[in-house]
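> For what it's worth, my numbering labels the leading residue of the sequence shown as 1, then goes sequentially.
Take the hints with a grain of salt, since some may be wrong.
Capping the alpha-carbon separation at 27 Å, the derived lysine-lysine pairs in DSSO-like fashion look like this [to be verified]:
1. K142 to K123
2. K142 to K164
3. K164 to K208
4. K123 to K164
Calculated directly from the structure, the hints in this document are not laboratory data.
In this text, all values refer to a predicted model and were calculated from it rather than measured experimentally.
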Amino acid sequence: QVLVEAEGERLVYTGDFKLRPNVAAETAVVVPCDTLVMESTFGDPQYRFPPDVATFDRLYAAVDRALSDDRVPVVLAYALGKSQEALELLLRRDYRVTLHGSIWNVTEIYRELGVEFSGQYEKYDRARLRGRVLMTPPGCRKQPMVLNIERRYVIMLTGWALHKSAPYMYKDVDLILPLSDHADFDDLVRAARESGAQRIITMHGEPKFAGHLRDLGFNAEHLAHHPSGKSAMKKTRVKKAATAVPQSLFD
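Given the sequences, and given the hints that come with them, work out the whole structure.
Structure below.
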């Protein structure tokens with residue numbers, strides 16, 4: 001988060017955050033302010049995450065089933081943040097974990113900065129997957145690293161697991177679990193309330209979340225897309241193409 005203080009006013013910009021405890025990061029703190037600019041990725045009531053313990057138990061059960069069936073559990077998580085949380089959860093249960101190169105690199109930086117994990121982990125080696133959990137970024141599920149594992153069980157970690165279309169969005173995945181680096185709907189509301197902000201600007205997510213906040217009595221609005229965004233650029237290019245005039249006419 002970034003706190004800006006000027007002329008007696010306090011403005012907080014959150015960036016991505018979540019209020020739930022994280023085994024690989026410090027817990028976020030709600031900072032009192034006058035204006036709160038906050039992410040709203042899961043700013044819809046359908047995104048109410050179950051208790052983390054329940055999600056962890058489902059993860060462990062799935063990994064156990066896969067290993068007992070002589071399959072390779074493949075856990076999909078973004079290289080920064082979520083992977084380190086998932087890694088620590090797995091190491092606490094004494095699983096042997098091997099990491100995709102990008103996840104390995106980020107995790108090594110964590111260690112250099114003083115984060116201690118609960119066990120050893122390995123860098124990916126396709127000849128040493130049996131009996132191990134493989135962690136890769138989500139995009140790798142469509143690449144040879146994963147596709148060439150004949151006996152695999154793929155687990156996606158994402159808050160989008162609660163979206164009604166998740167089974168279709170991730171139809172190439174065996175299990176989707178709602179573990180996210182973002183706050184869910186209830187914690188977004190909690191952050192807005194505990195900040196004490198007189199003005200709230202939502203961004204990076206559901207525009208309707210600002211409406212939910214207004215219904216709860218907050219002075220809230222959603223930040224419109226910047227005119228230099230892709231859609232605006234596309235319109236500009238079309239307009240220029242339609243009104244182009246041969247340079248010779250101006251000579």
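> Decide, hint by hint, whether the structure agrees.
Do the hints match the structure? See the list:
1. Proximity of K142 to K123 is assessed by CA-CA distance (about 20 Å); at most 27 Å being required, the pair is judged to hold.
2. Taking the CA atoms of K142 and K164, the gap is about 22 Å. The hint holds against a cut of 27 Å.
3. For the proposed pair K164 and K208, the alpha carbon gap of about 17 Å is at most 27 Å, so the pair holds.
4. The suggested pairing of K123 with K164 is violated, with an alpha-carbon distance near 35 Å, which exceeds 27 Å.
Comparing the model with each numbered hint stated earlier shows that hint 4 is the single one that does not hold.
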